[in-house]
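Since chain L is already given, all that's left is putting chains D and B on it; use the hints.
Protein chains in written order, with the numbering used here: chain L, 1 to 301; chain D, 1 to 465; chain B, 1 to 301.
Treat the hints loosely; a few may be bogus.
Covered stretches of chain L (in silico footprint by chain B; criterion: 3 or more residues with CB under 8 angstroms from a CB of chain B, positions within the stretch not fixed) [as the list claims (entries may be wrong)]:
id: 1; stretch: 6-16
id: 2; stretch: 157-169
id: 3; stretch: 250-262
Just a few of them, taken from the derived set where beta-carbon distance is under 8 angstroms, the chain D residues facing chain B [what the hints assert, rightly or not]:
id: 4; residue: Ala48
id: 5; residue: Thr103
id: 6; residue: Thr207
id: 7; residue: Ser209
id: 8; residue: Glu296
id: 9; residue: Leu299
id: 10; residue: Gln300
id: 11; residue: Lys325
id: 12; residue: Glu328
Think of the hints as simulated: they come from the structure by calculation, not from any bench. We put the CB at the ideal spot given by N, CA and C, even for glycine.
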Amino acid sequence: MRHGKYPFIIGFLAVPVALYVTFVVAAYLQTFQLALTDWSGLGPITYVGFDNFVTMWNDELFWRSVRHNLVLLLALPIITIAVALVFAFLLNVGGGTKGGITRGVWGSKFYRVIFFFPQLLALAIVAVIFGRVFSPDESGLINGLLPAGWGPLLFLADERYALACILAVLVWQAIGFYVVLFSAGMGSIPQEIYEAAALDGASRVTLFFRVTVPLLWGTIQVAWVYLGIAAFDAFALVNIMTVERGGPDGATSVLAMMIYRNAFEFSQAGYASALGVSLFILTLAFAALTLRVTRRDAVEL
Amino acid sequence: MTEVFAQPELDRRTLLRRAAAVGLLATPAASMLSACVSGGSDEAPEQAEGEKSDTNPLGVDPKAPLEVIIFNGGLGTKYATDVHIPSYKKMYPEATVNFSETTEIGKVVQPRINAGDPPDMVNNAGAGLMDMAAIVKAGQAQDLTDLFNAPSLDIAGKTVKDTLVPGAYEQGLFDNKPYVLNYAFTVYGLWYNAALFQKNNWTLPKTWSEFTALLDQIKAAGIVPFAYAGANAPYYMYLAILTSAAKIGGTELLTALDENADGAWTAEPIKQAAAAWAEIGAKYSDRKFAGLRHTEVQLQQNQDRVAFYPCGSWLENEQAKDTPKGFEYAVIPLPSVTGADKLPQTAIYAAAGEMYYASSRGKNPRGGMEYLRHMLGKANAAEFTKLTKVLTVVQGAADGLTVSPGLTSGNELVKAAGSDYFGYRWPDLYKKLDVECQAATNELMFEGGTADAFCARMQKAADAL
Amino acid sequence: MSNVIEAPAVPVASAGRKPDAKREVNGFSALAHIALFVWALATAGPLIWVLLSSFKNNTEIFLGQPFALPESFSFETYVNAWNTAHVGRYFLNSVFVVTVSTAGTMLFGSMAAYVLARYKFFGNRFLYYLFVSGLAFPTFMALVPLFFILKGFGLINTFTGLILVYIAYSLPFTVFFLAAFFKTLPVEIEEAATVDGASHTRKFFQIMVPMAKSGLVSITIFNIVGQWNQYLLPLAIMQGAGADSKWVLTQGIANISTSAGYQAQWSTLFAALTLSILPMIVVYAIFQRQIQAGLTAGAVK
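With the rest of the complex left out, here is chain L (with noise of 0.2 angstroms):
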């Protein structure tokens, strides 16, 4: 059994590890030195030593982002994995047995596709469309429905709203995909399994719960860790849709927004750097976290 494994291994990996090590690693790497540096994207390069992260830990706008960053990293993926759970469910599940076959409601198969249509834009047309949602004037969607004497809302002009609406759109976004996600870990589950729990008279509610849920769990571990990820990053929409780019007044400010104006408009690509790698730590610190609280095994089916 142990003949070829080695060679088997390698050939396996050498073209993707090489593909990867070169044209992401090393480029990656060139950051982190680059963070020890006053570089500022033009010419020489000196090195001075820790002295972005000291000018970091005093910068009163890395903090509002970061914080910014914790707020999306925990809503992002609670708001999208339950609604994308609830819709995959019911699209698979939720139409009940029919002859000893357990299936979605009717017209899943053209709701699995609608709803797949957010993923197909790029974030920059998704940013003008919801610049139109949330205009602050009557022309806007939202505004233009509501009653009068309720309007206008702010809505992206709004400090206490502004990320709310960033957040918005990104579970608007981001649904689709994790729907097909659990979609496709549900098919896995066997049918008999829901046979067995519809023979004991279990409601759809308790095998949401009881069954699809649990057995799902490695599925929506992915998922936590991809959009805490995500949630990370969130940066095209805060750069297109937010009032001053990350404003009003830094309300919407994230670590990767202070990045990209630090590195191509300050010019300042070394303090950028410094901030990328603390991005770097925090997400790869989040990642490990999570997947030490959630370590309970998958279900082996």
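For chains D and B alone, kept in the frame of chain L given last:
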């Protein structure tokens, strides 16, 4: 189809280089980094040079290829491909001019600068433009002194510098040396629909009390009297505030901002101007504009939902397609805030903008400078204005051209101002301050901020530079 | 419900439960349908908006009712998008690049994920986390170093370079997700194959890949969508003399949209977007069947 799928031919050298690179995969990043970003400090590449002569004052090598990169934005690229490049090629038929365009100048040019292979002439413009001060500091921009002292392309007996409107040359100075050409000439003021004002018999204000009285009238007519786009263009607004400040207290205080002098932001005139405008924001505008983009606000003005809009003279061209029949763009200078303003009411903010520079470390810096000389030729500048409806810094180049009503109005503004026009550069010099000022301006105008808080906030940010 | 079998077990309980279950089914179905329908509207609405806007002028787009019909239907904007903005050429470029790179991503990604998920060897965890950590960095941090790396290989402004980079930057998510997926697959069949003397490579291609079909299909779609919408990477790579003939669709659209900000050609932008989204929807609708097949394949033990 075949073109799409054509792969570049692998010559032997490329293959060898790739093989070597694969072997180097494990090389520590350290050596890679030093090899990569050395473009700025190492010796410049071999640069083309030719014989100087009367027709070739900059000593261009007539055979050397020239690479030009143009930002594709509001001005398009037609003026380069149809006017300036042919003009260069006419004089140097043996030279090939490689033209490329991009919407993201910084992301395209910055890596090439670092690789030691910058394009010869760069149009540094658009939302993704590079920090010009950083480029100069890194020694990447060619000193343009020779260009400005060279004879003009088609105005006999004058140097290039002599042909420019006052202030245009100074706008490109870094440490008293010219490194960049600001080509377009823009006039700022309050834009309105002349037809609408005529219909309502609204008289144009000269003093602040006339201004507020008119705004009351407009408000009573159910139109938002004044607006700017808080979402992405608060700088139109801070430009208006600082214009008022300069009119109150003189242009020295703008110079102080450019020099980041101590307490520059807390100067009394800035406070006065901020207070006056804050009142306009609170009484005659609407908070919803804090969340709207320039496109949206400008369209609202086209529909007569907004009366006054502070902007530069590109506005009319930008809105050309959406301006309804009967809408007539016109512009007035900002009303005087006090009865004792230092500058007359006709004083305006007018400045050269749209940066073009030659790369000092490119292969053909002389060609790059020569290209700029062709841009500054009077006939070529006139063609530019025809194509883009934007004035250039070449004095009188647009004379005799039939211009649109808005541009006529803008020209009248310039004439009325005489020598009383001014500008500042601090947003280009201190990008972080620009960002801070946009937020501070929105706070002042829409969030009930005070002039004191505005000045204190800006001073704090300026002190932190 | 199969109360024929159920009845003998607990007759009393069954009799009492039946009407309950019925009511639950109706209420539940109604709620489910409402929820699904509302979400379908929320996802399809913006696309319809894009389509309608492609026929409108700027005033209608930004000041009018979002879902009002345009004043006139003219396909001029589509002709413009196709001819002057070269959407057709960029579309073909995108199709070519994404086809090759997605194929490469799936091949190399699944090979690496499989080995990392199911073989124990020295360095396994290290490589796994090396791949996963790639998720923690914003792509734009890598742009400048990446340019140099590609320049070193002579791959700037080549489709080869773009494809290799697409593959490399898609590997983290692909490996992360597929490794989790391969782990959940049953070991029995694989063991049986080993006993039958199948080589490792054959086991992968003939047994594991078919079993992992549903996961592979999901990730393939995710990669196609991700690479199709990629903007920053081609921006950094496809540049230099004559690069605009090799641009991909996102670059072409960004070119229109940047101009739109100044010259206000929003309807052309939306026409170009419609042209780019429609094929994606068609492809997805077709893939939808494959997913169903994949799910069934995954469910059969």
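Results of checking the hints against the structure:
no., hint, in the structure
1, 6-16, "holds (count 8)"
2, 157-169, "violated (count 0)"
3, 250-262, "holds (count 3)"
4, Ala48, "violated, 17 angstroms"
5, Thr103, "holds, 4 angstroms"
6, Thr207, "violated, 33 angstroms"
7, Ser209, "violated, 33 angstroms"
8, Glu296, "holds, 5 angstroms"
9, Leu299, "holds, 5 angstroms"
10, Gln300, "holds, 7 angstroms"
11, Lys325, "violated, 13 angstroms"
12, Glu328, "violated, 17 angstroms"
In summary, the structure is inconsistent with hints 2, 4, 6, 7, 11, 12 from the numbered list given earlier, while agreeing with the others.
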